[in-house]
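**Student:** For reference, the chains in residue letters:
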Amino acid sequence: MSAIEVRAEGTQESPSAVDSGQGFVEVTAVVEHWRIEVGWWRVAPERPVRRDYWRVLLQDDSCLDLRFELASRSWSRERSWG
Amino acid sequence: MSRPKSPTRLACFTFPHLALVLALRAHPELKGEPVLVGGQGPGGQQVVVAASPAAWAKGVRPSQEWRRAQVICPMAVRLDVDPTAMAELRQLARLALASCSPLVEWGDDASAYVDLAGSDPLRPEEGSRAAHCGRALQEVLGATPSVGVGPSRFSAWVAAQMAVPGRVRLVPEGKAAEFLATWPVTALPLPPEVGDRLIQFGLRTCGDCAAITLVDLQRQFGPDGILLHRLCRGLDSARIDPWREPPPCGVRRVLAGGVEDSESLRFGAAELARGLAEELSRQGRAAGRIRLVLRGEGGPRLPSPADQQVWWGEVAPPAPLATADELLGPLLSLFGRSRPLTPVTVVELQAFDLVAPPVSQVGLWQGRAADREVVQRAVDRLHDRFGKGLVWRVEVRPGHPGDVPEERFVWSSR
Amino acid sequence: MEESGGAQLHPDPVQKFKRVVPVSSELAWREQGDPAQPEVGALALALSSLNFRYGPGAVHTGAPPLLQGLATGVDSLDNITGCRGLPKGRISRLAEGSSPGAFELGLALAAVVSRSAAVAIVDFTLSLDPGNVEAYGGELDNCWLVRPRRPEEGWAAARALAKVGVALCLLVAQDWSRLTPSAAPAALLTALSEGGCAGLVLGGRLIPAALKERICLELKCWRLNWALAHGDVCGLRLEAQVSRSHLGAPGASCRLQLNFPRPYQLWVGLGELEELTEGEELGVELLRVSGGSGR
Numbered sequence: 001m002s003a004i005e006v007r008a009e010g011t012q013e014s015p016s017a018v019d020s021g022q023g024f025v026e027v028t029a030v031v032e033h034w035r036i037e038v039g040w041w042r043v044a045p046e047r048p049v050r051r052d053y054w055r056v057l058l059q060d061d062s063c064l065d066l067r068f069e070l071a072s073r074s075w076s077r078e079r080s081w082g
Numbered sequence: 001m002s003r004p005k006s007p008t009r010l011a012c013f014t015f016p017h018l019a020l021v022l023a024l025r026a027h028p029e030l031k032g033e034p035v036l037v038g039g040q041g042p043g044g045q046q047v048v049v050a051a052s053p054a055a056w057a058k059g060v061r062p063s064q065e066w067r068r069a070q071v072i073c074p075m076a077v078r079l080d081v082d083p084t085a086m087a088e089l090r091q092l093a094r095l096a097l098a099s100c101s102p103l104v105e106w107g108d109d110a111s112a113y114v115d116l117a118g119s120d121p122l123r124p125e126e127g128s129r130a131a132h133c134g135r136a137l138q139e140v141l142g143a144t145p146s147v148g149v150g151p152s153r154f155s156a157w158v159a160a161q162m163a164v165p166g167r168v169r170l171v172p173e174g175k176a177a178e179f180l181a182t183w184p185v186t187a188l189p190l191p192p193e194v195g196d197r198l199i200q201f202g203l204r205t206c207g208d209c210a211a212i213t214l215v216d217l218q219r220q221f222g223p224d225g226i227l228l229h230r231l232c233r234g235l236d237s238a239r240i241d242p243w244r245e246p247p248p249c250g251v252r253r254v255l256a257g258g259v260e261d262s263e264s265l266r267f268g269a270a271e272l273a274r275g276l277a278e279e280l281s282r283q284g285r286a287a288g289r290i291r292l293v294l295r296g297e298g299g300p301r302l303p304s305p306a307d308q309q310v311w312w313g314e315v316a317p318p319a320p321l322a323t324a325d326e327l328l329g330p331l332l333s334l335f336g337r338s339r340p341l342t343p344v345t346v347v348e349l350q351a352f353d354l355v356a357p358p359v360s361q362v363g364l365w366q367g368r369a370a371d372r373e374v375v376q377r378a379v380d381r382l383h384d385r386f387g388k389g390l391v392w393r394v395e396v397r398p399g400h401p402g403d404v405p406e407e408r409f410v411w412s413s414r
Numbered sequence: 001m002e003e004s005g006g007a008q009l010h011p012d013p014v015q016k017f018k019r020v021v022p023v024s025s026e027l028a029w030r031e032q033g034d035p036a037q038p039e040v041g042a043l044a045l046a047l048s049s050l051n052f053r054y055g056p057g058a059v060h061t062g063a064p065p066l067l068q069g070l071a072t073g074v075d076s077l078d079n080i081t082g083c084r085g086l087p088k089g090r091i092s093r094l095a096e097g098s099s100p101g102a103f104e105l106g107l108a109l110a111a112v113v114s115r116s117a118a119v120a121i122v123d124f125t126l127s128l129d130p131g132n133v134e135a136y137g138g139e140l141d142n143c144w145l146v147r148p149r150r151p152e153e154g155w156a157a158a159r160a161l162a163k164v165g166v167a168l169c170l171l172v173a174q175d176w177s178r179l180t181p182s183a184a185p186a187a188l189l190t191a192l193s194e195g196g197c198a199g200l201v202l203g204g205r206l207i208p209a210a211l212k213e214r215i216c217l218e219l220k221c222w223r224l225n226w227a228l229a230h231g232d233v234c235g236l237r238l239e240a241q242v243s244r245s246h247l248g249a250p251g252a253s254c255r256l257q258l259n260f261p262r263p264y265q266l267w268v269g270l271g272e273l274e275e276l277t278e279g280e281e282l283g284v285e286l287l288r289v290s291g292g293s294g295r
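These protein sequences, in sequence, are chains A, B and C.
In terms of my numbering, the first sequence opens at residue 1 and continues consecutively.
In terms of my numbering, the second sequence opens at residue 1 and continues consecutively.
In terms of my numbering, the third sequence opens at residue 1 and continues consecutively.
Worth flagging that the hints you see were computed from the coordinates, not collected in a lab.
All C-beta atoms, glycine included, are put in the ideal place defined by N, C-alpha and C.
Where hints are given, some of them may not hold.
As the list claims (entries may be wrong) - Some but not every residue of chain A turned toward chain C, in silico, with C-beta under 10 Å:
id : residue
1  : S2
2  : R7
3  : V31
4  : E32
5  : R35
6  : Y53
7  : L57
8  : D61
9  : S62
10 : S80
11 : W81
12 : G82
To be verified - Here are the simulated EDC-like pairs of lysine to aspartate or glutamate, each with C-alpha atoms no more than 16 Å apart in a straight line:
id : chain 1 : residue 1 : chain 2 : residue 2
13 : C       : K163      : B       : E348
14 : B       : K388      : C       : E153
15 : C       : K88       : C       : E194
16 : C       : K88       : C       : D78
17 : C       : K163      : B       : E373
18 : C       : K163      : B       : D380
Working from the sequences, and respecting the hints, build out all of it.
**Tutor:** Below, the structure is given as structure tokens:
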């Protein structure tokens, strides 16, 4: 998992382009989207886990799982498929 | 016609505790001062292993708890026991006594028994035989033992307690009861409550107890009464549990030309391990401790840390080692630690503390269990060489619901 | 690297080796006299260096000994390798084709093997997620993950674990040129032979010569298309082709389906790619790959 730059749009912050390292690549399809909210009982410095996951297909035919932390509003690459 | 059986005659040698001998060797300026040598007791707590006569006079006794000893004798110098040096000195002392008699029993690192039975044309008198053993022991320890000779263990021990260091006290045959008559009952090797009850009965010495019949003593004290009866009359056991020098177990390789690089020496580790494993297998034993000795040219037979021409190191793993596979890991770690100062010409691998090899039933139903052990041993060797954190096992965290991916697994490096 | 249409025929491997053997004129004269007798001297030296370089048994007289293969569990893949699986005692490689697929195939193979035997994964990238292996149905309990701080640690660990007989030793890196000490591949090959272990190299576009010449089997893999179901990418269809092999002529290929773990999957992991009938295709959308440029 590593930090990644993502352009998002819409009220749901849906990713529209992902930085592949050689420039932004368009998202051709959002395959799946789910949210995790767990650990509400945790106190600082641990925080509850609140994040969105997006499974996207890019224009270069790669399939990525992206993670968006709702608290810190940061994107990271969770998983590459294929 | 059968020859009459010669009466048993045991010699008991008492000397300063080995730990104290070593402490005073290392710090001769402490002679005459109160010195406490500490170590781990059977329960893992810190206890007094040995105390100098000055500390003894203050009331410190071996096996006392360390804190209590510090309270009793706060001015005492405190030193730690050196198990390796003690093991070496113990071995030398045993060998010294074994050179005088084949039947030697080592006591508690402060006493030893030797059976003086048999004949010695050079020393026909038992006193001279006992003195000869005492001199051999004195040469090794550097401390003068007290020697007592008697028909039984207890009588020989009491004689040694009464003897002056450097002298032999003889208990004539048939005179043991008379000799022990004035020995106080509180100094008998019995539970303290037995001694207290004897005092309450007005029985203060062995002579007083010897006048009581066996039946009465047994009625009052049970099995302790039987032992009391025998001790007071000098009729306790006259047998000793002889120590046998274990057959040497080791392998030795002479190298063609000196080798300076310890990395190059490691290449021979597998062969050494195989050789020692074969030797252990032949004896049906496993090694509790292994020692690697690297000798340079002209090195002496006996290694010592001060010797500049050899390097030696020991390792005592948690479980006894029997197979080449098991020996290889600790051996490689010894090679890794080695720092030979001169080119090495002889490599020796020795096994000590030989025990029966452990038995483990491996994977009767699951063949994979045996593989895992082998792989784990290889991983242990890698960790030894490169440090922990190289090879990891990953397990799913128990009870994890699977929501948060990074919390799903537990990583361990062992 | 662009994939050409047909298979490239390589010269017979034994002939190829003979050409590189430095045969002196004196030796050639002696061989002409009695070619059947293996001579002590330059020929024996050459044979032993070839066996050392390419693996024991690479050059031999008579019929070649059968090389054992580590079964992958997928018949079509086992059939193209030449030894019914990944060759034991040898190093194989999964190389990226025109589009990615080799990495996922490598992880899936590790997962398959881990279900029945020990697997060592030497992760020079320090970023491999063991969840990937578990996701393809692997048994993490049988996996030993090596994360070397220095390249020599990784190679030493691979040798040590191969020698004790793990079934598969998977080495993963992004740039092999900086991670491969010159003697490491030869030493690994010896260890693999000793332990009867299959070695598999994964990742990286280019590999150094010291490693390349010791690779017994190279499979080039590329993605055909995604398998979609219920609006989700549920699998990967890929093709694997033998691009280099010491065990037979290259060119054989097979198609595989790799099912990702999804709640609705009937099975997860590597399997045969079955050609779907028109009726069956209705349930599954196929997303065509369009001019894939790779990573």
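**Student:** Now tell me if each hint is right for this structure.
**Tutor:** Against the structure, the hints come out as follows:
1. S2: The hint holds - A/S2 has a Cβ within 10 Å of chain C, the shortest such distance being about 8 Å.
2. R7: At 20 Å from the nearest chain C Cβ, A/R7 fails the 10 Å test, so the hint is violated.
3. V31: Result: holds, 5 Å to nearest chain C Cβ.
4. E32: Given a least distance of 5 Å, the restraint on A/E32 holds.
5. R35: 16 Å, violated
6. Y53: 12 Å, violated
7. L57: 7 Å, holds
8. D61: 5 Å, holds
9. S62: 7 Å, holds
10. S80: 8 Å, holds
11. W81: With a minimum Cβ separation of about 6 Å from chain C (threshold 10 Å), the hint on A/W81 holds.
12. G82: 4 Å, holds
13. C/K163 - B/E348: 26 Å, violated
14. B/K388 - C/E153: 12 Å, holds
15. C/K88 - C/E194: Given pair C/K88, C/E194 holds - Cα atoms ~10 Å apart, limit 16 Å.
16. C/K88 - C/D78: 13 Å, holds
17. C/K163 - B/E373: 14 Å, holds
18. C/K163 - B/D380: 14 Å, holds
Going down the numbered hints, you'll see the structure goes against 2, 5, 6, 13, while the others check out.
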